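Residue numbers (UniProt numbering), protein chains in the order written: chain E, 1 to 277; chain U, 1 to 313; chain C, 1 to 296.
FYI, nobody ran anything at the bench for these hints, they're computed from the structure. Misleading hints may appear alongside valid ones.
Unchecked claim - With a straight-line cut-off of 25 Å between C-alpha atoms, the simulated BS3-like cross-links for lysine-lysine are:
(1) 134(E) - 155(E)
(2) 155(E) - 118(E)
(3) 159(E) - 134(E)
(4) 147(E) - 157(E)
(5) 111(C) - 247(U)
(6) 30(U) - 111(C)
(7) 111(C) - 307(U)
(8) 202(E) - 147(E)
(9) 147(E) - 134(E)
As the list claims (entries may be wrong) - Which stretches of chain U does chain C cover? Using the computed rule of at least three CB atoms under 8 Å from a CB of chain C, they are:
(10) 21-30
(11) 46-53
(12) 124-138
(13) 260-268
What the hints assert, rightly or not - Calculated Cβ distances over 12 Å to all of chain E for the following chain U residues:
(14) 16
(15) 57
(16) 150
(17) 157
(18) 254
(19) 299
(20) 303
For clarity, every value in this text was computed on a predicted model and none was experimentally measured. Idealized CB from N, CA, C, for every residue including glycine.
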Amino acid sequence: MTQPNVTLRGPEVPNTPGSLDPVFTVEDLSVFYGDYEAVRNVDMMIGRREITAMIGPSGCGKSTVLRCFNRMNDLIPGAHIKGKILYHEEDLYGDHVDPIEVRRRIGMVFQKPNPFPKSIYDNVAYGPRVNGMKKNMDTVVEEALNKAALWDEVKDKLKQNALSLSGGQQQRLCIARAIAVKPEVILMDEPCSALDPIATTKIEDLMQELRQEYTILIVTHNMQQAARVSDRTAFFTADVDSAGVRHGRLVEFDQTTRIFTKPSDKRTEDYITGRFG
Amino acid sequence: MAAGHNRATAPGPNRSLARSRPRYGEAAIKVLLLAAALVSIATTLGIVAALLEPTIEFFSEVSFGEFFGSTSWGPLFSPPAFGVWPIIVATLEITLIAVIVAIPLGLAAAIYLSEYATTRVRKIFKPVLEVLAGIPTVVFGFFAFSFVTPLLQDILPFTLDPRNALSAGLLVGVMIIPIVASLSEDAMSAVPRSLREGSFALGASKMTTSVSVVLPAAFSGIVAAIILAISRAAGETMIVAIAAGFKSIFTFNPGSEMATMAAFIASAGSGDAPVGSIAYKTIFAVGSLLFIMTFAMNWFSARMVKKYREVYE
Amino acid sequence: MALLSTPRSQVDLVGKGRPIREHLFRIALLSSLAVALIFLGLLLAYTLTEGWPRLDSRLWENFPSVRRPETSGVLSGIAGTLWIIGLTAVMALPTGVLAAIYLEEYADNTKWYNRLIELNIANLAAVPSIVYGILGLGIIARWLDFGFTVMTGAVTISLLVLPIVIISAREAIRAVPPSIREGSLALGATQWQTIYRQVLPASIPGIATGSILALSRAIGEAAPFLMLGAATLVRFNPDGVWSSFTVLPLQIYNLISQSREEFHILAAAAIVVLLAILLLMNSLAIWLRNRYQKRW
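Chain E extracted, bound-state conformation:
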């Protein structure tokens, strides 16, 4: 691998092809838990109908950053951010913004499948219901399950408890559940880490399908997965500052093919070639 002569990191990141149509623009984002600065100075852009992967060693703050996009970090007492996240030019952390409204537009799938202890149907219908939708529920449920490639497997047992499904099916149900709210963006926090390889493949195929319609951000600790599914990749790592405190930071953000073939930063190269992390 040859070192490119331009270092792409920090504020220079928006140096990406003009095809990027930003849904999110992250400007100098730092995330704090109380006084502890967990992640510092992140700049990146999330392109519309693209899959953006966030990779890096554990403890580098990639999940923390992910949870900023739908304001799930708000639920942790003492958590706050500095910097900006723009969602279609609107400040996601502006005073007027309602986190609940945010979460209706930006769905999330978690590391461990977490279906509600209810029927498959009720799981999918839950989001539309809490959002005040009452009509055509059957259509909404079927459509969401279809898009999550789960309909054929569950259409005869919609009244069964969701916990009776396999792990992979549960995770696709969680994706269907998120889709049913008709979000623009889906955040995925290591969605395959609790699944076997076959279930993982199914989710990855599904992501390619969903990419036609949704913007996807995925956190993964699996580099091959990032290489297989994503259009762009953000590589995070953790620095230890002079006081001995760990801070996550974004090292490099670029098209996935570039990250995996011609990384501009030594640390990225070390990580993807397995020398570190």
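Given chain E, put chains U and C in place with the hints provided.
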């Protein structure tokens, strides 16, 4: 936007992220929930308020010196006597007997359930302890008075009054076994497995591990359990009212009838004392003393529980 | 030659056998549990044999009488207990569950007043029941002027069991995994929607178990009622919340206080009724808990 398939993915900047409709309900519910939680504060304030005024009035008529400096108690007699020591001594004595019964039995039960018992054995004994904890104290009192006392009168070499501290104390002890057992077991279960494994790996036996690793590690939780049990024993009313009686004599003899603080409140409060009289106010003065004693113990116990939770959880 | 060394190493691993004291220790522990079991059996057997002669319809069809033990019953106590429990269920259970929701789902533990509420509930749970009697007498009966009525008794007992309801409901709510809450919130549900549609339904079995145990505590409670004028001989059933009343445990107490032996037999019979109700409730609670334990 029921079936608005096409609009679904194109909210864009034209739809603001601001709250689409106000949610007054959410705020109102939070206020309602807080109000429910504040009922507990109101209860404490109510208890303090109920106790405070008559207690102050009591001490304006009876000096602290007489209350705490004399050993003759009889607020309902004429002339009345207000030396509180006989009922304090009775309370302490019955509590002591109870603790002597409950600590070994309760702790042993806790060690067995936490360290030795298989799941099946636990499934049998846990409900037994729960049923024991659920038996009304008036039933224990009846059993003490009509079964235990006659039995003890037959087998013990010294004389027992029909109502006496010993059998009341024994039954109060049985009553608090479930408290000692279940809270101590909680504390022992909170001790991490790694500590036990470390001990086993050094070749220690199960007994050694239980006694010299788990017990010390769960110490603050066990102390909390015992203090809470003592507090419960000191405030117990029905067992002592039935089995130990109402006679206020300054004695340490466990075979004698004696009234505890709670028993005095019960007897004077159930109609013997005319409202507004000094005897009536005495109920509240003794109530204050009992409340302060138990409150101090409970507070200390809660602190100890918090301590072990902080260490292991 | 290798064959010769094998048994030797086996002996080393077997050791000298478990020391006797290990066995003694285990037996001592087990016998302490056996003591509790034997005690319970003895108590039940004794009460049942004592009360057997009077365990018939006279017990629950007649009012008490000091002069005629043979026709004396505990009807007014049973009726009073039912009134008290009904009202306590209506007052203490909703309040307790709401307070538990506040403490588990809303309260920010870094705030001093939330910590105070928590510490206060732990303390209240251990305040002697006779002190609640003083609260009922001084504040509810006299200051609020509710008098010695069913209402006074019910409010007093509700306050007494409230900490128990709160503590057990909190445990049930805490047992619902955080991932369920996150899943709901991530779909744009509000906090109350999440609680009402996910957390509460999932914790209902646990809350029900705790509530039954709290109510059974209320049924057996006697001391506070001593202070609330319920100790007198009551020869009628309550006809409303402002009626005077007595409760079964207190009637048992009165019967034991009588000197004639016949009344003690009657007391034993009444205890059997009381214990039967409580054992039924306890079994229901234990069944509920085992049936719905750990669904994820």
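Each hint, compared with the structure:
{"no.": "1", "hint": "134(E) - 155(E)", "in the structure": "21 Å, holds"}
{"no.": "2", "hint": "155(E) - 118(E)", "in the structure": "16 Å, holds"}
{"no.": "3", "hint": "159(E) - 134(E)", "in the structure": "18 Å, holds"}
{"no.": "4", "hint": "147(E) - 157(E)", "in the structure": "18 Å, holds"}
{"no.": "5", "hint": "111(C) - 247(U)", "in the structure": "49 Å, violated"}
{"no.": "6", "hint": "30(U) - 111(C)", "in the structure": "16 Å, holds"}
{"no.": "7", "hint": "111(C) - 307(U)", "in the structure": "19 Å, holds"}
{"no.": "8", "hint": "202(E) - 147(E)", "in the structure": "13 Å, holds"}
{"no.": "9", "hint": "147(E) - 134(E)", "in the structure": "21 Å, holds"}
{"no.": "10", "hint": "21-30", "in the structure": "holds (count 5)"}
{"no.": "11", "hint": "46-53", "in the structure": "holds (count 5)"}
{"no.": "12", "hint": "124-138", "in the structure": "holds (count 12)"}
{"no.": "13", "hint": "260-268", "in the structure": "holds (count 3)"}
{"no.": "14", "hint": "16", "in the structure": "7 Å, violated"}
{"no.": "15", "hint": "57", "in the structure": "47 Å, holds"}
{"no.": "16", "hint": "150", "in the structure": "55 Å, holds"}
{"no.": "17", "hint": "157", "in the structure": "63 Å, holds"}
{"no.": "18", "hint": "254", "in the structure": "54 Å, holds"}
{"no.": "19", "hint": "299", "in the structure": "26 Å, holds"}
{"no.": "20", "hint": "303", "in the structure": "23 Å, holds"}
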